[in-house]
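A.B. asks: Chains A and B are the protein sequences, given in the same order.
Per the working numbering, the very first residue in the first sequence carries number 1; after that it's consecutive.
Per the working numbering, the very first residue in the second sequence carries number 1001; after that it's consecutive.
Any given hint might turn out to be false.
Per label pair, the in silico range of CB-to-CB distance [stated by the list, open to error]:
#1 A/S9 <-> B/T1028: 37 to 45 Å
#2 B/H1148 <-> A/S9: 24 to 32 Å
#3 A/H148 <-> B/T1077: 55 to 63 Å
#4 B/A1040 <-> A/L223: 22 to 30 Å
#5 B/T1077 <-> A/A93: 30 to 38 Å
#6 B/Y1072 <-> A/E36: 43 to 51 Å
#7 A/A201 <-> B/A1210: 49 to 57 Å
#8 A/I92 <-> B/A1063: 53 to 61 Å
#9 A/T221 <-> B/L1213: 54 to 62 Å
Everything labelled a hint here was simulated from the structure, so no lab data went into it.
This structure is a prediction, so every number in the text was calculated from the model and none was measured.
Beta carbons are placed, not taken as given, at the ideal position from N, Cα and C, and that holds for glycine.
Protein chains: 2
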Amino acid sequence: MIYVAPSTSQRVRAVIFDTFGTLVDWRTDVAAAADEFADAAGVEWDPRSFADAWRAQYQPSMAPIRAGSRGYVTLDTLHRENLDTVLGQLGIAANTFDPKHLDELSSVWRRLRPWADVTEGLDRIRAGYLVGPLSNANTALLVALSRHAGLRWDVVLGSDVFGTYKPERRVYQGAASLLGLEPGEVMLAAAHNDDLAGAAAAGLATAFIARPLEHGPDQQTDLSADGPWDLTADSVTDLASLLGY
Amino acid sequence: MIYVAPSTSQRVRAVIFDTFGTLVDWRTDVAAAADEFADAAGVEWDPRSFADAWRAQYQPSMAPIRAGSRGYVTLDTLHRENLDTVLGQLGIAANTFDPKHLDELSSVWRRLRPWADVTEGLDRIRAGYLVGPLSNANTALLVALSRHAGLRWDVVLGSDVFGTYKPERRVYQGAASLLGLEPGEVMLAAAHNDDLAGAAAAGLATAFIARPLEHGPDQQTDLSADGPWDLTADSVTDLASLLGY
C-alpha cells in the first residue's frame, strides 16, 4: 500500500519514532531501578515519584541547549546530572553514594523495556517503510536501548548527530536529509503532541500514538491528539495497520 | 570472549565496516547494470572496464572535499557526476541519454550484493559487539544498500554525518564518539590498507579482510595486509572466529 499523508500530499517513505514513552515504558523500569538502588543503599523514597521527578528534569535540562546558552551535551550526561538534582530535591547529597552506583542507576535509561506492541509493530512497518528512532537520546544510548529492547532499525538518529534537541526544526529536517528524503516523505510517530507539533512545523507527516499510561494511572497530558496529525493510533501495531502493513 | 586489540591495549566493543569492496562486490553488479544499460541504449562498451573506470573516479572525486576546496556533497551525487565523466572518457555526451536512465544506472550503487560470507559473519560478530558500517557512502545510500543486501546493523554511519570522507581523522573519531566509546574500543574492518592506516592514525583497532577479487582477477592492490593491523582475515566469518564468535 502507498500511504500519502494528507498534511503534506506526499507519499510517506520513512517512519521515524520518538522513543521514551512512545516505544519504551520508562516509568516502570526506572522506578524498579530506583527501588532496587534505595534498598541497597539503605535510603527510602517512593520509586514511582522518584522516576517522575527524574523525568520532570528532562525538558528543563535540554532548554539551555536548545536556546544555545549551553553547548550540546548528551542525554546520558543530562540523565546523570538530573539524578543529582533529584537527590538534592530529596535532601540527599549525591556524595552520600559511591559514584559508580549512581552511574549504574543512571544507565537504567539504556535498559528500558518496550511496550507490548512495539517489536511486532516496527517489524510490520519496516516491511513497507524505512524505520528509525529520532530521539533526544544520543546515538550510543539509542543503540544500547535498541539492542536491549530488541528493536530492529534501518537507521538510528540520535540528537548528537544534530547537536541539539527536539523540537528544534533542524533535528527533524536533518533526519529527512540524512534519509535522502524531503521532509514531507518522512512521518514522525510520537506519543507527545509537542514533538508532533515540531515535526509538523518542519514539514513532516505526523502520527500520534496514544500512551495513556506513560506517566502512570493519573496521567493528565497527551491523552489524545490535540493537533491535526495525519494519523492517530493506539499502538505501533495499530499504526502498522493504518499504514497498510 | 573478550578481544583486546594489541595496537590499543583496549577491549574492542564495536566493529565498524568499510562497505564497497569489503562487504559488497561492486564490480560484478555495476558491470551487469552497465551491460544492461548499453543494450537498452544501443551503445557498446566493455561493462567491466566501464565499472572499473567509474570506480576509478571515486578517490579523485572525494579529494577536493577532503581538502576543503569543495563543500560536502554526498557519494550519491559524486557517483552521478562521475558517471558523466566516464561517458565523456568514452566520447559519449551524457545528453545522448534520458537523464532518468542515467539516474537509474547511477543508483546501482544502492543495489549491490554482499560477498557470500558477509550476512552470516556480521550476525555472528553482532552477538558480541556493536556493528555498523562506516562508509564514504551517505546515510541514505547505506540504508538502501543494507536493506537490499540484508545486512543487520546496530547503527549506520554515513559520511554525511561527519561532512567529509575517510581517511580524514574526524570520520573515525566521530564514529567512536557517536558510539560513546574511545577510539581504541572501536575496530575498523576493511579490505583497503589506506582506510586501515587512517583508522590506526585516529587511534582505532584494525582488521584487514582480504578481497583479492574486488577489482577482478588481475587485481594488484590490497592483496594482503601491508601494515601492523591487529587482525587479518579472509572473510567476515573468519573475522567473527578471530573475535571469538
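A.B. asks: At the C-beta level, are B/H1148 and A/S9 separated by a distance inside 24 to 32 Å?
C.D. replies: holds, 28 Å
A.B. asks: Assuming the hint says 55 to 63 Å, is it satisfied by the Cβ distance from A/H148 to B/T1077 or not?
C.D. replies: violated, 37 Å
A.B. asks: Could one say that the CB atoms of A/S9 and B/T1028 fall in the range 37 to 45 Å?
C.D. replies: Given about 40 Å between the Cβ atoms, the range holds.
A.B. asks: Does the Cβ-Cβ separation between A/A201 and B/A1210 fall within 49 to 57 Å?
C.D. replies: holds, 51 Å
A.B. asks: Can you tell me whether the CB distance of B/A1040 to A/L223 sits inside 22 to 30 Å?
C.D. replies: At 57 Å between Cβs, range violated.
A.B. asks: How does the Cβ-Cβ distance of A/T221 and B/L1213 compare with 54 to 62 Å: does it lie in that range?
C.D. replies: holds, 59 Å
A.B. asks: Confirm or reject the claim that B/Y1072 and A/E36 have a C-beta distance inside 43 to 51 Å.
C.D. replies: holds, 47 Å
A.B. asks: Is the hinted range of 30 to 38 Å satisfied by the C-beta distance from B/T1077 to A/A93?
C.D. replies: The hinted range 30 to 38 Å is violated for B/T1077 and A/A93, with Cβ atoms some 55 Å apart.
A.B. asks: Starting from the hint 53 to 61 Å, judge whether the C-beta atoms of A/I92 and B/A1063 obey it.
C.D. replies: holds, 57 Å
Checked against the numbered hints above, the structure breaks hints 3, 4 and 5 and satisfies the rest.
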